[in-house]
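Visitor: All chains should be modelled from the sequences, with the hints used to inform the complete structure.
Residue numbers (my numbering), protein chains in the order written: chain A, 1 to 206; chain B, 207 to 424; chain C, 425 to 474; chain D, 475 to 723.
Hints should not be assumed to be uniformly reliable.
Stated by the list, open to error - Below, in silico cross-link-like pairs of lysine-lysine (DSBU-like), each with a Cα-Cα straight-line distance of 30 Å or less:
hint, chain 1, residue 1, chain 2, residue 2
1, C, K471, C, K461
2, C, K465, A, K191
3, C, K471, D, K490
4, D, K490, C, K459
5, D, K593, C, K430
6, A, K191, C, K430
7, C, K465, D, K490
8, A, K123, A, K161
9, A, K7, A, K123
10, C, K459, C, K471
11, A, K123, B, K359
12, C, K459, B, K359
13, C, K461, D, K490
14, A, K7, A, K161
Simulated from the structure, these hints should not be mistaken for lab results.
All figures in this text were calculated on a predicted structure; none of them were measured in a lab.
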Amino acid sequence: MSLISVKDLTVSRGGMPVLEGLSFAVSAGEVLVLRGPNGSGKTTLLRTLAGLQPPYAGEVMAEPESVAYAAHADGLKATLSVAENLGFWAGVYGGHDIEPALLHFNLDALRERPAGNLSAGQKRRLGLARLMVTGRPIWVLDEPTVSLDAASVALFASAVKAHVAAGGAAVIATHIDLGFEETVFDVTPFKARMDVVRDDFDEAFL
Amino acid sequence: MIRLLWRDITLAFRSGGGFGLGLGFFLILVTLVPFGVGPDGEMLSAIAPGILWVGALLACLLSLDRIFALDFEDGSLDLLATAPIPLEGVVAMKALAHWITTGLPLVLAAPALGFLLHLDSAAYRWLIVTLLIGTPALSFIGSFGAALTVGLKRGGLLMSLLVLPLYIPTLIFGAEVVRRGAGGFLVATPLAMQAGITLGAIALLPFAAAAAIRVALR
Amino acid sequence: MPDLGKYAGDVLLAYGATFLLLAGLIAGSLIRSAKVKRLLKAAEERKNHG
Amino acid sequence: MAINWNAFWEWANPRKFMRWTDRALPLISVLAAVIFVSGLVWGFFFTPDDYRQGSTVKIFYIHVPSAMMAINIWAMMLVASLIWIVRRHHVSALAAKSAAAIGMTMTLIALITGAVWGKPMWGTYWEWDPRLTSFLILLLFYIGYMALWEAIDNPDTAADLTSVLCLVGSVFAILSRYAVLFWNQGLHQGASLSLDAAENVDDVYWYPALVAIAGFILLFVSLVLLRTRTEIRARRLHALEMRERVKDA
Numbered sequence: 001m002s003l004i005s006v007k008d009l010t011v012s013r014g015g016m017p018v019l020e021g022l023s024f025a026v027s028a029g030e031v032l033v034l035r036g037p038n039g040s041g042k043t044t045l046l047r048t049l050a051g052l053q054p055p056y057a058g059e060v061m062a063e064p065e066s067v068a069y070a071a072h073a074d075g076l077k078a079t080l081s082v083a084e085n086l087g088f089w090a091g092v093y094g095g096h097d098i099e100p101a102l103l104h105f106n107l108d109a110l111r112e113r114p115a116g117n118l119s120a121g122q123k124r125r126l127g128l129a130r131l132m133v134t135g136r137p138i139w140v141l142d143e144p145t146v147s148l149d150a151a152s153v154a155l156f157a158s159a160v161k162a163h164v165a166a167g168g169a170a171v172i173a174t175h176i177d178l179g180f181e182e183t184v185f186d187v188t189p190f191k192a193r194m195d196v197v198r199d200d201f202d203e204a205f206l
Numbered sequence: 207m208i209r210l211l212w213r214d215i216t217l218a219f220r221s222g223g224g225f226g227l228g229l230g231f232f233l234i235l236v237t238l239v240p241f242g243v244g245p246d247g248e249m250l251s252a253i254a255p256g257i258l259w260v261g262a263l264l265a266c267l268l269s270l271d272r273i274f275a276l277d278f279e280d281g282s283l284d285l286l287a288t289a290p291i292p293l294e295g296v297v298a299m300k301a302l303a304h305w306i307t308t309g310l311p312l313v314l315a316a317p318a319l320g321f322l323l324h325l326d327s328a329a330y331r332w333l334i335v336t337l338l339i340g341t342p343a344l345s346f347i348g349s350f351g352a353a354l355t356v357g358l359k360r361g362g363l364l365m366s367l368l369v370l371p372l373y374i375p376t377l378i379f380g381a382e383v384v385r386r387g388a389g390g391f392l393v394a395t396p397l398a399m400q401a402g403i404t405l406g407a408i409a410l411l412p413f414a415a416a417a418a419i420r421v422a423l424r
Numbered sequence: 425m426p427d428l429g430k431y432a433g434d435v436l437l438a439y440g441a442t443f444l445l446l447a448g449l450i451a452g453s454l455i456r457s458a459k460v461k462r463l464l465k466a467a468e469e470r471k472n473h474g
Numbered sequence: 475m476a477i478n479w480n481a482f483w484e485w486a487n488p489r490k491f492m493r494w495t496d497r498a499l500p501l502i503s504v505l506a507a508v509i510f511v512s513g514l515v516w517g518f519f520f521t522p523d524d525y526r527q528g529s530t531v532k533i534f535y536i537h538v539p540s541a542m543m544a545i546n547i548w549a550m551m552l553v554a555s556l557i558w559i560v561r562r563h564h565v566s567a568l569a570a571k572s573a574a575a576i577g578m579t580m581t582l583i584a585l586i587t588g589a590v591w592g593k594p595m596w597g598t599y600w601e602w603d604p605r606l607t608s609f610l611i612l613l614l615f616y617i618g619y620m621a622l623w624e625a626i627d628n629p630d631t632a633a634d635l636t637s638v639l640c641l642v643g644s645v646f647a648i649l650s651r652y653a654v655l656f657w658n659q660g661l662h663q664g665a666s667l668s669l670d671a672a673e674n675v676d677d678v679y680w681y682p683a684l685v686a687i688a689g690f691i692l693l694f695v696s697l698v699l700l701r702t703r704t705e706i707r708a709r710r711l712h713a714l715e716m717r718e719r720v721k722d723a
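Guide: This is the structure:
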């Protein structure tokens, strides 16, 4: 039984289809890595998986409220401390303990530091630590390793490993090799064709 | 949801600006008016309810674009939209936090500023009552305007254009109650109307605002 | 021309302003219509031959 | 009475819409021009002056229809917005957008003619009379609505957000109307024309006014069709440009 799957999915950005005919399924314990050049629609696909935008066509099948989403922006507040930032998201997602997440991402020593004073890499780590306090089975991650050094990438990879080992799943858009068993899914062949007529969008005009 | 409320209030206090700014703006506005219209006490007394209400309204407007814009920029709004809290609840909590950090201080400061403007002593009571009843409507209507313009370049100016006309009924009834109160007339009808607008805004506008945010995020 | 009496200026002002505004609206609509028509034609040609 | 609703909605398909308006628009435009001009000519040249208001009564052949249109166009935008929200007919959203500028012009005309009429009657161009004030507020709503359309790049997003604004704005416009009435019981005349004409105005004034109203309505219909056609083309143009950009990328 897959945790999240899509069937004949077409996703659109600004009303324009960017990827079409996508079908895949991710089961518990699996990591799906999305690859494709910049602007190929990976972010749009991930936002659709997270439920932030409706599919243009086709469907996304997942339990409601099972997806934790992390994108380029970490959603951190500069004037709140590390522990407060994390504690807030833990509270929003139902009060999970923040200690394991702080420890895992080496943020324990920084817990009282305002997030505004963190380095880019530390911010990123805090943003990823948020995933651990959501308690959601499916992680949908958009370029999670940006501005992380090698050691932090390893921390992140082990967090993902632990998560999927515990029955979770992850869909990650990334360019680097994270060093775990993964299914690679290249989105390039699914680039939406521009010469076909669709009945809903601009073809409806004139 | 309580956590969200607390976070927004904490942020408003810590980031400076959010909390003190509206209040300071209110004070400056009230100070400037006598320079504009002259020091005549009777004249000031006559226009005081209107000045205080318009001042409160503008002070409220000043911090409105912070409600969603900051969360939109740093990605929090995406995360809140995928969180287990309904987006309508998020909007309502944020509007409430805005009221507590902007509207409530204005209510408390208004009597002191009324003193500066020779506000009629009979009107004090009604000024506080109407501001207390009316300012939540300002925050909730404002959160709707902020939701419509979230993510737009130069959204702040556009938001003022959209929100100010929506403030008209609240302003009219609020100032009317104070004027009638000062004159010793019956205030029940405008007061009830104003309360109705506030309750309606609190009950319905979060749904409209949440719908607007969903559209803006997609 | 009817005799408009002492209010002639006011009545003519009202009619004049109205016609000015309506003329502006109609002209604006027509100009934009023509412009969009032209641009669309060019875009269609680019699409078909480009 | 059985109405075939599917056939009805077919008319709102962009392609069909372009086809039938292509034929209908010239006809409606000519009709609008004829009736509009004849209504105003009748009113301006062939009606007597009022014994109290003198020749200013002629202003009403513009003022009353434009004021009616100002309100009715907003109502039409509300209906169109609802149709967009419920059935997602693109033409409906674009018709609402097209109507806004016409509605704003009508509001301006109603305001200006009202002010000009007020000068000899009230002794001042502007009086904070409830009706004039309400129209001023309506003007603000039109401006905000149009500004929101202009500010958003994605046409579907713009349609969604302006529809929500139109809905909420309508409620607040009605609230403002009552608030303003409460705030100042004014000097304005009661409704100048009601359905019960005999009670209000003499037939001499009533018939040309009816023709003028019909002229304004037809003028609105032809303008809104013209502008909606433009918006549909603009939308198609936008789509083509988006494609070119995607292809080049």
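Visitor: Would you mind marking each hint as holding or not holding in the structure?
Guide: Hints, one by one, checked against the model:
no. : hint              : result
1   : C:K471 <-> C:K461 : holds (15 Å)
2   : C:K465 <-> A:K191 : holds (28 Å)
3   : C:K471 <-> D:K490 : holds (22 Å)
4   : D:K490 <-> C:K459 : holds (22 Å)
5   : D:K593 <-> C:K430 : holds (13 Å)
6   : A:K191 <-> C:K430 : violated (74 Å)
7   : C:K465 <-> D:K490 : holds (19 Å)
8   : A:K123 <-> A:K161 : holds (21 Å)
9   : A:K7 <-> A:K123   : violated (35 Å)
10  : C:K459 <-> C:K471 : holds (18 Å)
11  : A:K123 <-> B:K359 : holds (26 Å)
12  : C:K459 <-> B:K359 : holds (27 Å)
13  : C:K461 <-> D:K490 : holds (18 Å)
14  : A:K7 <-> A:K161   : holds (26 Å)
When held up to the earlier numbered hints, the structure conflicts with 6, 9 and fits the remainder.
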